[in-house]
Amino acid sequence: MTGFPILSLMIGVPLAAALACLLVGAATARWVALLATLVDFALGVVLWGHYEIGGAQWQFTEHLPLFAGFQWALGIDGIALMLIMLSVFLMPICIGASWEAIEKRVGEYMAAFLVMEALMIGVFAAQDLYLFYIFFEAGLIPMYLIIGIWGGAERISASYKFFLYTLLGSVLMLIAMLWMANEAGTTDIPTLMAYNFPVKAQSLLWLAFFASFAVKMPMWPVHTWLPDAHVQAPTAGSVILAGVLLKMGGYGFIRFSLPMFPEASAHYAPLIFALSMVAVVYTSLVALVQHDMKKLIAYSSVAHMAIVTVGLFAFNRQGLEGSVIVMLSHGLVSGALFLCVGVIYDRLHTREIARYGGLSINMPRYALLFMLFTMASVGLPGTSGFVGEFLSLSGIYQMSSWVALISTTGIILGAAYMLYLYRRVAFGEQVHADAAAMADLSLREVLLLAPIAVVVMWMGVYPESFIAPIRADIGHLEARLVQAKPVGDARLVLPAGAAQRTTSAGSAN
Amino acid sequence: MGAWASLRLIAAEDILSLVGLLLLLVAGWCGDKAARFITGACVLALAAAAVFTVPALTNGVMGHDASVFFGQYAEDSFAAYAKLLIYGAAAAALLVAPAFFERVGAMRAEYPLLVLFATLGMGIMVSATDLLTLYIGLELNSLAAYVLASFLRNDGRSAEAGLKYFVLGALASGILLFGISLVYGFTGTTSFIGIREALHGGTFGAGLSVGGLFGMIFMLAGLAFKISAVPFHMWTPDVYEGSPTPVTTFFATAPKVAALALTMRVALFAFGTQAHAWQQVVIFAALASIIVGAVGAIGQTNIKRLMAYSSINNVGFMLIGLAAATPSGASAMLVYLAIYTVMSIGGFVAVLMLKDAEGEPLETLADIAGLSRHRKVLAGCLAMVMFSLAGIPPLFGFWGKFVVFQAAVAAGMVPLAAIGIAASVIGAFYYLKVVKVMYFDEPANLAVGKSGWVHQAILALCAAFISPAGYLLTKWLGGLANLAASALFHVA
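Residue numbers (our numbering), protein chains in the order written: chain A, 1 to 509; chain B, 510 to 1001.
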């Protein structure tokens, strides 16, 4: 595989298909989009197949100096590989989910999604600082159009909120990047990941990146764009937003904030913990009282992402590995949950929870799959949700038992709001005649949900397949973070006996 | 250098003035019947002038080699770069005009000639290395521009625009002239090199005296009016809105390039050793322009008025490059200037293409509601221009902002860059509004009138330039801009 620009090809295929979609009619555009995303998925499988676990840190690297200080530099490590796999896996499902739901301006819709896919792969594969920024920012345009053109009733304010919030977050990152390139004399991300910036400057740089990633993640209190964007976006838009776009925030922390500014990360870890703890408790409680299904899942996303941030800033292997797994799991599970909402929304055109009830009677297959994803979201052992959350929380427990304690309430509250949602939708009396008359899942819908269900179970039962590719990279990151670990003066104190537990956990690993 | 050699070096200006005078005779003889012919001839003259300018762009002639007429005039790479942009913008303004004016029966032979003479004036402005040459160029440009603004003499808005432009422009020229007289008084010379040397430990001692400082500030104020930087921007929205759209296309591009280039030469060369004295002024003007341009545009419903605020906003970003006071800052400004010129031409040509069934021009945002449904390509191009003006990657407008901020950060002006870029988010709001109206709103189905191939070709060229494909040009564009900027820092 060496030398073959497979990453460029994976970016190029959807772009070319996007152009084609603009030129052809609606029916053809659907097939072109499906074909292109399937080709990209196949390429992704090839990519994973040829990824050498335990090989070089950066594989499939491509390097082409383009113009004034700019390089087309791509390459992936295991973490990027997993996130690219998530993107290419969800993309055909998104196209399938829009097959009948989208009737107007189909060509443009498919083109926007394909451009989105190319940009997502670009974000995870970029090895040049500025290239990363371009991919990162460019994603705003197609998503703005997707929400604004094909969204719900309040789509315009939601699209504005999404665009301006994320733009304001990321512009400061650009200034930080310019400063870093100026200081380090390179824009190569792997080099910068090992560059020791002056501790004083790190603080400001960290905050600039934090502004961007915290909005993207999203962390409390800058999460308010997310419920609006989710509720108003079409189903597939929500899937991509929850499935992949939110992961860019976590990916940013792993790729930039932690390795490039380890000292500042240690310094600001209490801030992250505080915001995350608030997010876990507050957004879970908010989710509990929602009447709108999509809004409920959106708030649950904020709570789950808070577990990710807590795990990332635990500065140890369990926390970091767990966070990546939570990101992957959440990408699948929340994507699937939005699809489940989409299924019944397509039938009844309402997201009011109270308008449904007793669906397990007339839609047994739907109820089964919905149950599986609900359990995965709660974090039931045997599903992907459990593995990540357990690792993250055990990681943070070594850092601070208080943070772990409060973060764990998220699991209890998560069970509360998810099961409450499931009870109201699937169980109980069939009070509404129209809801009771809904047909069960069609073959197309089964084909959309079943693959996700399989992967969710796979990740829950045998997570090693997903942890193996990232293990070495988490190891690099952990080694990089060691230098900062004892430095932070605002560190939370380990309770007595923690050291012993860490050692035993380490040896068990 | 003798007069003959000097005339040979300024071949571009020779062509423009001779052709202009000749065509004036044609216009006098044949009247408005010859308007189309004269327009074509003017475009050809601009092309010929451009051909003679291109060698100076890459030959890198600078310093005394390029200095003609005893140091009053420089035909260096910097001037060549600015002139090519000006000629291109002027040609675009000429090409789109006949269709617009003929509809109201106002295609008169004066229009191309006034544009030609204004262009000649701008060429003199960017080449001027003496305060008096500077003033002659500026006035030649301005006087032609005042007439152009009120070219639709039966239209109240156009007449108002011309009058406003004239009164305020004359005031600004007066301020500039007053500044020039003070600078002359306190340095004893009108030549840029002379001023530079006088301020750098010449006969009057090093540094600026209070009087010299006043003179410099007055000059900058006068120039700020010409580039419509805050707080001298008040005229811009009214003039842009009132002027006929082809003229607005011209105003938003060519004179901006000329005035900014002139400001650069004055600030970076003549007062280059006194950067600390003018940097604060420029920083204020930059940030104020960015913020006022962004906030002012939010409430606008007329696209031309919106573009006027957008141009104020963009000038602010360019001034950030000037504030850096480094070669890379000047180079970044020139790159931005080129991208901005193309974006503006694209934007205004797209506006010119918005016509209702009778061919009446449409100018308000409400008129273009839902444009993307029935004019996909036009709406797509306009949306690209808007995203590009907002500086959203991967469109080429991002590159302009990128190089400017890069220069500012390299010059150690991180807070300036941070505030500037944060304020750019405000600007994104109204650019998004245009996209929103075109893509999200219910169609008004007003803009159904077709446009000629000239408009389509210009728009297609501009769209190709600001699309991500534009990045392929960055190396070449950056190289030329570096060369041009180095001329300003070249002290013989």
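None of these hints come from the bench; they were simulated from the model. Heads up, a few of these hints could be off.
[Stated by the list, open to error] Listed below are the simulated SDA-like cross-link pairs for lysine to any residue, each with C-alpha atoms no more than 20 Å apart in a straight line: (1) B:K885 x B:V957; (2) A:K104 x B:R882; (3) B:K984 x A:Y420; (4) B:K959 x B:A608; (5) B:K542 x B:L553; (6) A:K200 x B:L677; (7) B:K942 x B:K984; (8) A:K161 x B:L955; (9) B:K885 x A:G25; (10) B:K864 x B:V804; (11) B:K864 x B:K984; (12) A:K200 x A:M438; (13) B:K942 x A:G152; (14) B:K984 x B:F974; (15) A:K485 x A:T28; (16) B:K984 x A:N182; (17) A:K485 x A:S394; (18) B:K942 x A:E154; (19) B:K542 x B:A559; (20) B:K984 x A:L66; (21) B:K984 x A:V24; (22) A:K200 x B:R882; (23) B:K885 x A:T28; (24) B:K942 x A:L164; (25) B:K885 x A:P198; (26) B:K864 x B:V963; (27) B:K885 x A:V24; (28) A:K161 x B:V804; (29) A:K104 x B:P952; (30) B:K885 x A:A20; (31) B:K864 x B:I935.
The model shown is predicted, which means the values in this text are computed figures rather than measured ones.
Quick rundown of the hints versus the structure:
1. Note on K885 of chain B and V957 of chain B: the hinted pairing holds, with a Cα-Cα distance of about 12 Å set against a maximum of 20 Å.
2. The straight-line distance between the Cα atoms of K104 of chain A and R882 of chain B is roughly 10 Å, inside the 20 Å bound, and the hint therefore holds.
3. Restraint check for K984 of chain B and Y420 of chain A: the C-alpha separation of about 59 Å exceeds 20 Å, so the hint is violated.
4. Of the pairs offered as hints, the one joining K959 of chain B and A608 of chain B holds, with about 11 Å between alpha carbons and a cut-off of 20 Å not exceeded.
5. A distance of roughly 19 Å separates the Cα atoms of K542 of chain B and L553 of chain B; the hinted pair therefore holds under the 20 Å criterion.
6. A distance of roughly 49 Å separates the Cα atoms of K200 of chain A and L677 of chain B; the hinted pair therefore is violated under the 20 Å criterion.
7. A threshold of 20 Å between alpha carbons decides the hint, and for K942 of chain B with K984 of chain B the separation of about 33 Å lies outside it, so the pair is violated.
8. Between K161 of chain A and L955 of chain B the alpha-carbon distance is near 29 Å, which puts this suggested pair outside the 20 Å criterion.
9. Of the supplied pair hints, the one linking K885 of chain B and G25 of chain A holds, its CA atoms being roughly 14 Å apart against a limit of 20 Å.
10. Proximity of K864 of chain B to V804 of chain B is assessed by CA-CA distance (about 28 Å); at most 20 Å being required, the pair is judged violated.
11. For the given pair, K864 of chain B sits about 38 Å from K984 of chain B by alpha-carbon distance, which is inconsistent with the 20 Å threshold.
12. For the suggested pair K200 of chain A and M438 of chain A, the alpha carbons sit about 61 Å apart, so the restraint of at most 20 Å is broken.
13. A threshold of 20 Å between alpha carbons decides the hint, and for K942 of chain B with G152 of chain A the separation of about 18 Å falls inside it, so the pair holds.
14. With a CA separation close to 14 Å, the supplied pair K984 of chain B and F974 of chain B stays within the 20 Å bound.
15. For the suggested pair K485 of chain A and T28 of chain A, the alpha carbons sit about 55 Å apart, so the restraint of at most 20 Å is broken.
16. In summary, the hint linking K984 of chain B to N182 of chain A is supported, as the alpha carbons are separated by about 19 Å, within the 20 Å threshold.
17. At most 20 Å may separate the alpha-carbon atoms for a hinted pair to count; K485 of chain A and S394 of chain A meet this at roughly 17 Å.
18. With a C-alpha separation of about 15 Å, the suggested pair K942 of chain B and E154 of chain A falls inside the 20 Å cut-off, and the hint holds.
19. Between the alpha carbons of K542 of chain B and A559 of chain B the distance comes to roughly 27 Å, so the proposed pair goes past 20 Å and is violated.
20. Between the alpha carbons of K984 of chain B and L66 of chain A the distance comes to roughly 8 Å, so the proposed pair stays at or under 20 Å and holds.
21. Using a Cα cut-off of 20 Å, the hinted pair K984 of chain B and V24 of chain A is violated, with the two alpha carbons roughly 35 Å apart.
22. At most 20 Å may separate the alpha-carbon atoms for a hinted pair to count; K200 of chain A and R882 of chain B exceed this at roughly 53 Å.
23. Distance hint between K885 of chain B and T28 of chain A is fulfilled; the C-alpha atoms sit about 19 Å from each other, no more than 20 Å.
24. Proximity of K942 of chain B to L164 of chain A is assessed by CA-CA distance (about 12 Å); at most 20 Å being required, the pair is judged to hold.
25. A C-alpha spacing of about 51 Å is found between K885 of chain B and P198 of chain A, which places the hinted pair above 20 Å, so the restraint is violated.
26. The straight-line distance between the Cα atoms of K864 of chain B and V963 of chain B is roughly 15 Å, inside the 20 Å bound, and the hint therefore holds.
27. Restraint check for K885 of chain B and V24 of chain A: satisfied, since their Cα atoms lie roughly 13 Å apart, inside the 20 Å limit.
28. For the proposed pair K161 of chain A and V804 of chain B, the alpha carbon gap of about 17 Å is at most 20 Å, so the pair holds.
29. Restraint check for K104 of chain A and P952 of chain B: the C-alpha separation of about 14 Å stays at or below 20 Å, so the hint holds.
30. Distance restraint check for K885 of chain B and A20 of chain A: the Cα-Cα separation of roughly 15 Å lies within the 20 Å cut-off, and the hinted pair is therefore satisfied.
31. With a C-alpha separation of about 30 Å, the suggested pair K864 of chain B and I935 of chain B falls outside the 20 Å cut-off, and the hint is violated.
In summary, the numbered hints that this structure violates are 3, 6, 7, 8, 10, 11, 12, 15, 19, 21, 22, 25, 31.
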